[in-house]
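K.L.:
One-letter residues, chain by chain:
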Amino acid sequence: MKKTISTLLTFAFALAALGTATGFAADYPKVIRIGQVAGSFNKPVSTGGMGYVQANNLLDEEFKKEGITFEFVYIRAAGPGIQEALANKALDFGQSGDLPSIAGRASGLRTRAIAGSRGGNTYVAVPADSKIKTIKEIKGKKVGVSLGTYMHAAMLKILKDNGLTENDVKLVNLDNATVKVAIATKDVDVAFFGNDALTLRNGGLARIIGSTKNFPVWYQSTGELLVRDEFAKKYPDIVKRFVKVFVKGSYLASQNKNATLKFNTRNGSALAQLKEDSEGVSALYSNSPKLDEQWLDHTKRSIALYKKHGLIRRTFDAEKEWVDRSFLDAALKELKLENYWPDYDVNGNKKKK
Amino acid sequence: MKFRMIFSWYIVGLLLLAPAAHGEDTTPQTVTEQLEAAPQEQLQVQEKDEPFDAGEPPATQSELQGVRNELQVLRDQWQRGLDRTVVQTKRLLAISGTGQFGYNQIFNSEPSNASTFQVNNFILNFKGNLRKDYEQGKDIDYALGINASNTLKNVSVTDAWLSYQILNSLDKEGPRLSITAGQQKKYFGLEATATEEFKPTISGAQFATALNLDERDIGVVLAGDLFPANDYGFNYRVPTVQYYLGVINGTGPNAVDINDEKDVFTRIVFNAPVDYSHPLRGLTLGGSWYYGRKSYSAAIKNTASVTNLGGTTTTIPLADTSATQKGDKTRWGVDLSYVNTPVGFTFEYVQGRDLLVTNGAVKNGVTLTKAAFRPVTEEGITFTLFYNFGDQFINSIKNQDRWDDWYPLTYQPFYRYDRYTPDLSHTNTHTDIHTFGFNWFFAPTTKLQVNYNLKKEYPVDKANNQILAQFQFGF
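Residue numbers (numbering that gives the first Met the number 0), protein chains in the order written: chain A, 0 to 352; chain B, 0 to 474.
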């Protein structure tokens, strides 16, 4: 009898704690988590359209009645970390570059691409006193890159243009923060990374020998706003309103390029770096959420490229198995923004109506 | 004129033969071709936005000088702090520790061990790197650990090893191989290999202690893997095969060998080579084998009868002697585990073979009980089932940028069945422990564990169920 009572007491304790932990099911989730790639300055804030959403509390405003809390989660493991968290249902929405998003979907992760992004540049940097002058000269050198990210994808394209492959260089997998340090300390000979390279160059620590800037749009990255398929099925209304809020944020980010660049310095990036990186590119282009011809063509070609390089094991039909424009189309219509952002063609030009 | 016409038709012909405007094959392949094919209007957008510094006065030289001075002051302060208050080491060093403070209550009739607070272990670890190879990751690492156990009365070395990556450890798609020399864990099964941080239960499985599998030993271990599968979308690498081969003293964590023969062990693990989001991620099948030679020792109790002056005879103890016999010490085991989120299980079966020692007794030079050595086969079985509520085991969620000292709260109820049979020729003599447990991860590397052990001893059961609670904290 004593044993039985003790056992029951233990279970009671466990169940009580469990109840506290998980709460009880409601019509709406109490918390919705949005995955963001952590910046290299370790500041947990977003930029661009999602940055305006966050800064203006647009989600809280939209879902005030339901009392839903929105948590922005800044993941240091970048895009692959976002996929990991989505797979474990630790996130409901996530934004990441095309390589991790595509690789995630290709490996069976049930996500939907519900809005797009485009225009991320990759820079090829060497230590300031390096003798390397051209991309061709990096053959046989130690190359730092964050594997599995859009910079990895850009590296494949740049190497190919110069008659090289991954096998011609010694790849070192480093995260975004470490790759900067590795160039400064000369632990790698070459690094492929984002526009932080410009700040490193301005500080006299690096020299840039190539970039995707002013290259055809295929060289730049695309990305997407993802939602877990299960979440979208369960809460279609929430996803619809979430996308509407995201479109509002994208609209605010598209209004004034210089104001948006200044706003984007909130994550620690230098204004000069952002200004140079986006030179000649309109805010309308950079902040368009559309899943248009350019985005789709880029995605399809990326799937083929990643399969060829063994980064994914199977391909999939992006249009049929991944893209869901229903939420975005509804949001654009409701906000009367159907024609605000142009549709871009495969080369990044405005499509004629 | 004729030439121009032919040339024009040639151009028209080429245009007609050109493929349609969609698909990968039609897209210009080189940068130059693409730039010529499409001038990219978005790169030529006229900037209509307001200038960056509209309405703001330019900075003066004195203001710039002020900023420089502030930077200089900050740099000086930082350098002074480094010189005076920052601990320095000759090489990269990470200091970590694990403490275990617990409460233990046994429900039996003996008042001496009814309940107690205790510090089970306090482990201090120093780990670092002696050589960092950025090119191929052929690093040399070291570790030194100190453990104060048994309510802090005994202090011993728990880890003291040097490790070298023989193969390229940065190549995700290639095999890996390392060699580790020194005092370290033995790679045998799941229970003995898991570190304190990852064990769900407070007490280890019975067989791990009884067969000396959970104690560290001194020797050299090769550890490697083959045929890795990579899922780049998740930065996930899983080797299809992992193997371990060790040569050790076999005498325990802090002892020299007592014979010329070394103990050897090997372990092979097959992991499901699947993508991260595959339901079979975390499924592994393992097999382990251990062989050693041991000098088994039996005590011989010597006594003698003495008749005193009064004529009474009493028995007095004489100096004990012993008998020894060399024998094999073998263990083998298989294990199956599925460690995924939120649910997982582990199963382990182990058999050991030793010599069972019977102590002897001699009285007045006559053997009453002969010291004996009989081969005996032991058996251990454990099964653990757990469920996680929370994000403790999702690396990307644990490693995020935040302003606050946030941590994913996680709750882990589990059940473990643990049977140990000390002699398989008497299968009715064994002990079963059913553990109902709950782990609450409430801070980084810190958890509260509550275990209720329902203990059944066969063939004669005694009342000795147990409740254990423990804070395990790390830094």
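Keep in mind that the hints are not guaranteed to be accurate.
Unchecked claim - Mimicking PhoX-like on lysine-lysine, the simulated pairs with C-alpha atoms at most 25 Å apart in a straight line are:
id	chain 1	residue 1	chain 2	residue 2
1	A	232	A	29
2	A	185	B	397
3	B	397	A	141
4	A	156	A	140
5	B	137	A	140
6	A	350	A	299
7	A	159	B	152
8	B	171	A	156
9	A	319	A	307
10	B	397	A	29
11	A	140	B	171
12	B	137	A	88
13	A	159	A	130
14	A	42	A	335
15	A	138	B	137
16	A	299	A	64
17	A	306	B	171
18	A	307	A	239
19	A	307	A	332
No lab work stands behind these hints: they were computed from the structure.
Here the structure is a predicted model, which means the values were calculated and not measured.
K.L.:
Are the hints correct? Go through all of them and say.
P.N.:
Hint check:
no.: 1; hint: A:232 with A:29; in the structure: holds, 17 Å
no.: 2; hint: A:185 with B:397; in the structure: violated, 30 Å
no.: 3; hint: B:397 with A:141; in the structure: violated, 30 Å
no.: 4; hint: A:156 with A:140; in the structure: holds, 17 Å
no.: 5; hint: B:137 with A:140; in the structure: holds, 17 Å
no.: 6; hint: A:350 with A:299; in the structure: holds, 19 Å
no.: 7; hint: A:159 with B:152; in the structure: violated, 65 Å
no.: 8; hint: B:171 with A:156; in the structure: holds, 20 Å
no.: 9; hint: A:319 with A:307; in the structure: holds, 21 Å
no.: 10; hint: B:397 with A:29; in the structure: holds, 21 Å
no.: 11; hint: A:140 with B:171; in the structure: holds, 18 Å
no.: 12; hint: B:137 with A:88; in the structure: violated, 36 Å
no.: 13; hint: A:159 with A:130; in the structure: holds, 22 Å
no.: 14; hint: A:42 with A:335; in the structure: violated, 34 Å
no.: 15; hint: A:138 with B:137; in the structure: holds, 21 Å
no.: 16; hint: A:299 with A:64; in the structure: violated, 40 Å
no.: 17; hint: A:306 with B:171; in the structure: holds, 17 Å
no.: 18; hint: A:307 with A:239; in the structure: violated, 36 Å
no.: 19; hint: A:307 with A:332; in the structure: violated, 39 Å
Consistency with the previously given hints fails for numbers 2, 3, 7, 12, 14, 16, 18 and 19, ordered from lowest to highest.
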